[in-house]
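J.: Just need the whole structure built from these sequences, with the hints factored in.
Okay, here's what each chain looks like letter by letter:
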Amino acid sequence: MSRRAKLLTVALLLVLAGALIYLRSLTRRTFFEPPPHSDESAKTQLNEAALQSGAGPNETAVLYFPSLNTRVLVAEKRPIKWAQAGADRVRQVLLALAEGPSQHLGHPLAASTNVRAVFLTLEGTAYVDLSNDLLGGIYPGIESESLAVYSIVNSITANVPAVKKVKIVIEGQEVDTLEGHADLTDAIVPDASLVQSSP
Amino acid sequence: MLNEVVPASWRKALLWLTGGLCGLALLFWPARPLRSDSFVFYFPNSKRVIPLEVIENTKYLPFLQVLNLVGTLNSLSEKRNNIKVGFGKDHIELHADDARVRLDKKVILLAAPVRVSNGKWMVPSDFVTVVLPKLTDQDVEYQVGTNRVFLGNVKPGSFTVRLEPESNGARLTFQFTDKVTLRTESSNGQWVMFLGDHPVQPLEQSFHFQNPYVAAVRFDDQDGLPKLLITPSSPGLNFYPLLTEGDKVLRAEVSKPAPPPPQTPATSAPALTTAGAPPAPAQTPAAAQAGAAAPPSPPLPVVALDAGHGGDDTGAKSRDGVLEKNLVATLVGRVRQSLLATAKFRVVLTRTGDANTTFEQRAVAANTAGAAYFLTFHAGDLGGASPRVAVYTFQSPAQETATLAGETRLVFVPWSQIQEAYLDQSRQLARTLQQDFAVIAGVTADLPTSAPVRTLRSVNAPAVAIEVGSLSPDDDATSLSDTAFQVQFAAVVAEALSALQGGGG
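Keeping their order, the protein sequence lines are chains A and B. Going letter by letter, the first sequence gives residues 1 to 199 in my numbering. Going letter by letter, the second sequence gives residues 1001 to 1505 in my numbering.
Hints are computed from structural coordinates only; laboratory data are not their basis. For each residue, glycine too, the CB sits at the ideal point set by N, CA and C. Incorrect hints may appear among the rest.
Under 8 Å between C-beta atoms, here's a sample of chain B residues computed to sit facing chain A [what the hints assert, rightly or not]:
| hint | residue |
| --- | --- |
| 1 | Glu1324 |
| 2 | Leu1382 |
| 3 | Glu1467 |
T.: Okay, here's the thing in structure tokens:
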């Protein structure tokens, strides 16, 4: 075999090896990596930014979770480092709600819910755009949906004083209801009467 | 050159004058004797709507679209003044402004000349009876003067109409030859009753009456949806349609509305009255006068029953596969029977069959019927023991506990806020229902509460949502599907409404 032929063979082998490595990584990415809406990947870059922007001192967030049996919202406290911007705080509250309660209570948001966007208006309305994954966490019904909605609204308004009411949109679209029952056509004001009074 | 001859100020005036003259010319230009409409072709399992044009008082159909309905074109040769089409084994030739059609060298004369309108070859409507049967093996049925053609083995239904005076209104009775379904809407001051998918060939297209309640009834299917349009003689009347006798007889009652309910003062506490108190105890002087003038037996109050969800929206689902839309439809059917058995109410259903019905359509059905009560039925996750019943009144998501009732007397109430004027009466209805549900053995009846129930928002009557549970993927729906429970549930609803109406159980 001539020297030139040897060099060509080596080059060909190198190219083949490179192609095999690329093919292997492509296969892994295509077939084995988790889908984009799994629990782990739900926290988008924006969400991570909001969580990391919490540079303040350790404070306490009050989250309200639904209790279907007693038809109330039950408060749970969480340590939190609040972000500076109001919209980021709203995002922090939603992500904390998606993590779920520590007691045996309902989940107002499925763990895989993606907070697509949050906007605050000067009048105190928070526009919260959620992925439709949130519906996976709620069983349809008047009571279950109403408590889920007020769990979100009461939690946001309790922790972000600039927010007076919350307009929930799903996948960027205004919707009539959550799952055919709870009215989402308007921005919703919190309902303090649903909160379980302290024993 | 114009610039040299005409001074600058005149040029501007000239421009305005030209614009004004063009505007006036457009304004007074005689309208073309042409209007658009449509023609419906009914097949055994489908229908097609073809737009038609009326040119010089003759109905014209688009030639190629009509051919495409019954077969496929083999060849097409079009020139400025004629068109030749190969269709199956036939050859058709048309000439513009010529009433003769050449079909395989035979000449057929149409009632009016062929026209070319906006680049489309148009044939007069008698083409359907004169030429079309020669091009297809299917039966072609067309009644001259109508805008519908039946192709193939289609047996259209028909109906007769009768108008009878009632004590406080009028009753229309439609006797159909085939079963129909019913969905009601209100549009442009008319009541519209959609009759389902079965084709209808009416004996008369419209009926006119000299009646203080009903002015006219017209059948229309121009959009492919058979429907009856009822024109009231005056505004503000109530309309109550009811499908009976195997869905072949449709009775529609048109009546004067009941006296308006009293306004509730803003400061008043929720009216905790006895169960026997009627919902509208007081009358304004004007209403009292109207009542004095009214005949002695006013029509029975209407209860609007709303079965939640329907069609593609199945609602909740139990572990054993029971769907909310089906469960509540069964419950509504039982409640309807119980209410009719009391002979104290008329019932209107906002959803019949497994139909997609919007929230607005549900409210419209109840509001046009002048409903005295509105009940929407749902089944969902209530947690805890089953069967459990919860009754809700409307809670506006945009307001805290304050309501519109009595706060500001609005002349025009926004459609989306109508229910807020009835909250006190709705709460009373909820309390009565809850107290009666609580006596059913084995049933947990929660205290009534308020919730942002979308269906209640635009209902112009005391209204509640009744949710039975738990219907969720964690539980079987055995207890909710149980006939004994459903019958008892329906009886309790009828009893509660009877008590509110003042007649006791």
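J.: A closest beta-carbon separation below 8 Å is what the hint needs, so does B/Glu1324 meet it against chain A?
T.: 7 Å, holds
J.: Hey, does the B/Glu1467 contact hint survive, CB to chain A under 8 Å?
T.: 5 Å, holds
J.: Is the hint on B/Leu1382 kept, meaning its closest Cβ partner in chain A is under 8 Å away?
T.: 6 Å, holds
When held up to the earlier numbered hints, the structure conflicts with none and fits them all.
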